[in-house]
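Enquirer: Just so you know, the protein sequences line up as chains A and B, in that order. Note that this note's numbering has the first sequence beginning at 3, numbered continuously upward. Note that this note's numbering has the second sequence beginning at -1, numbered continuously upward.
Bear in mind the hints are in silico, worked out from the structure with no lab data behind them. Note that beta-carbon positions come from the ideal geometry of N, C-alpha and C, so glycine has one too. A couple of the hints might just be wrong.
Claimed, not checked - Output of the computed footprint for chain B on chain A, the stretches with three or more beta carbons under 8 Å from beta carbons of chain B: (1) 31 to 39; (2) 187 to 197.
As the list claims (entries may be wrong) - Some, not all, of what chain A presents toward chain B, calculated at C-beta under 8 Å: (3) Arg211; (4) Phe215; (5) Leu216; (6) Leu326; (7) Arg329.
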Amino acid sequence: MSAVSLPTARRVSYRPLALAAIWLVLLVAPYWMPFVGGYTALGTRILVFGLAAMSLNFLLGFTGVLSFGHAAYFGLGAYGTGLALKFLAPSTPLALILGVLLGAIAGAVLGALIVRRRGVYFAMVTIAFGQVFYFIAFRWHEVTGGDDGLRGFQRQPLHLGLTTIDILSNATAFYYFVLFCFALAVGLMAFLLRSPFGRTLLAIRENERRARFLGIPIELHIWLAFVISCAFIALAGGLDALLNNFANPRELHYSQSGEIVIMAVLGGMRSFWGPLIGAAVFISLEDYLSASAERWSVQIFNWPGHTLDWMFWIGLLFVVVVLLFPRGLLGVLQRGKT
Amino acid sequence: MSVLEVRGVTKSFGSLVAVRDVSIAVERGELRAVIGPNGAGKTTFFNLISGFFPPSVGSIVFDGRDITRLAPHRRVALGMARTFQITEIFPELTVAENVRISTEVAAGYRLRPWLGRAAAARVQGRVESLLSLAGLGGKGDRLVGELAHGDQRAAEIAMALALEPRLLLLDEPTAGMGEQETYEIAQLIRRLHRDTKLTIVLIEHDMRVVFHLADRITVLDQGRLLAEGAPDAIAANEAVQAAYLGKAA
């Protein structure tokens, strides 16, 4: 960032190209991932957590409010979807919609209680409420399965009038189903951010006092952004439950919230796509390192018998990125281009 | 008829009384300057009018309506806009976006998830005319945080004007500016006042600006109303001279 006039026009002209590249990479992921040591379910997981991190970033990067309890709404989406499939009806879309509703309603109720808090206090209260849902999922054994998690449901085939798509046994078909949901959600987010309403959120992020004295009722707008963000992250949670045919209480825990925040910040919270990049790096590293952390520990520290957890390496990367590239990984790429 | 009437307003913070029993009435189309030595309570007085906090005692009437306890954004909706001593803008957005947000809020679009083509064109036209009115034509695509101080202040005034106010409150519009910038902002305010007959209340330190612009001057000292009148009368007022010289000595 220099004081010289920013080449805004030039920056914009790269956008369609970058956008096309992102969608192309996502569209053909099941075909290239095996060549770099990946597999389709890993790609699906990246989409799920990419959506989660982008949903969080709707609030963090574009409204300027840090929620540290967003895993709760992710988890509510997961449990809502799982419970709907298990007890209600064997319909994947219906289950997802109910999961999203559960997350959004919980977000609406709790959001109303916390929108007056700011900064650290907002983050603390979101953690506290998040933990409430975690303990409900953890303890209410009869309904949620307690610490064993919720089992006994499966994603159901999609009936599209003439054809039926089997997303249960066909991992690639399921990937494309998740990509479809991802595109819908991300498109809607981008659309909202370009609207007059979206611009009021940017205004709140940039300068709350100025926004207030322009006549924007700050609390109402933050509440709306919170509910929207919760609905999107609940969708991500629902897709995660479908991916695993399982819902895990740990998904509601605040440490999971922290991981989603790390993904967003790692990728770059000031850019729309940054959190997806962050999630891709985070999930890939997790997948790769949890298999080879022991080897790395021995090779680098020569300390046999002591395995450094994969989180150690993520933490190291996170510290480096935050110290050297405050705008995240995507911020580095963008600066390289201009 | 008065646009703004402040009646016997007092504001205390604990044992400190920042504003003590001040009453003023500002007529439609008037340009009123509020002056006073440092610590006279000018900014507190402004914050009371714009709704930062309610007064401890007294009432405030805007356009015949009691607004003493109304929230700031409701006062804005009634037609009261303000700028701040330290420029309050959206630094990482462009000048045009800054003014556009303000324009859209004023048009009642703040909750709209989309705008029709006609509405978007109306907003665009309004933004462009406000930018040229504020002397910022051609700078719309610049990030407002990167502009010179004077241009940032002009952008802030354009944002306030976008709200189509019936009363504009300017808190030290030339604070921290050099000769040239001060002159330009003073000219901008003068032009606005002349062309639109907008009612303006401003706090100002620069006496040349005050005497150049104001129709009437209100002098505060230690939270009290010390004097009020036309510029000539204020310049000749002994109590005012004493307050200023007393501080200077």
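Enquirer: The structure should be examined with respect to each hint, and the outcome stated for every one.
Expert: Hints versus structure:
1. Counting residues of the region 31 to 39 of chain A whose C-beta sits closer than 8 Å to any C-beta of chain B gives 0, which falls short of three, so the coverage hint is violated.
2. Interface restraint, the region 187 to 197 of chain A with chain B: holds (3 residues with C-beta to C-beta distance below 8 Å; minimum three).
3. Satisfaction of the interface hint for Arg211/A is found here, the shortest Cβ-Cβ separation to chain B being roughly 6 Å, below the 8 Å cut-off.
4. The interface hint given for Phe215/A holds, since its Cβ lies 6 Å from the closest Cβ of chain B, which is under the 8 Å cut-off.
5. Look at Leu216/A: its Cβ gets to within about 5 Å of chain B, closer than 8 Å, so that hint holds up.
6. Checking Leu326/A against chain B by beta carbon gives a least distance of about 21 Å; that is not within 8 Å, so the hint is violated.
7. For Arg329/A, the shortest C-beta to C-beta distance to chain B is roughly 12 Å, which exceeds 8 Å, and the interface hint is violated.
Comparing the model with each numbered hint stated earlier shows that hints 1, 6 and 7 do not hold.
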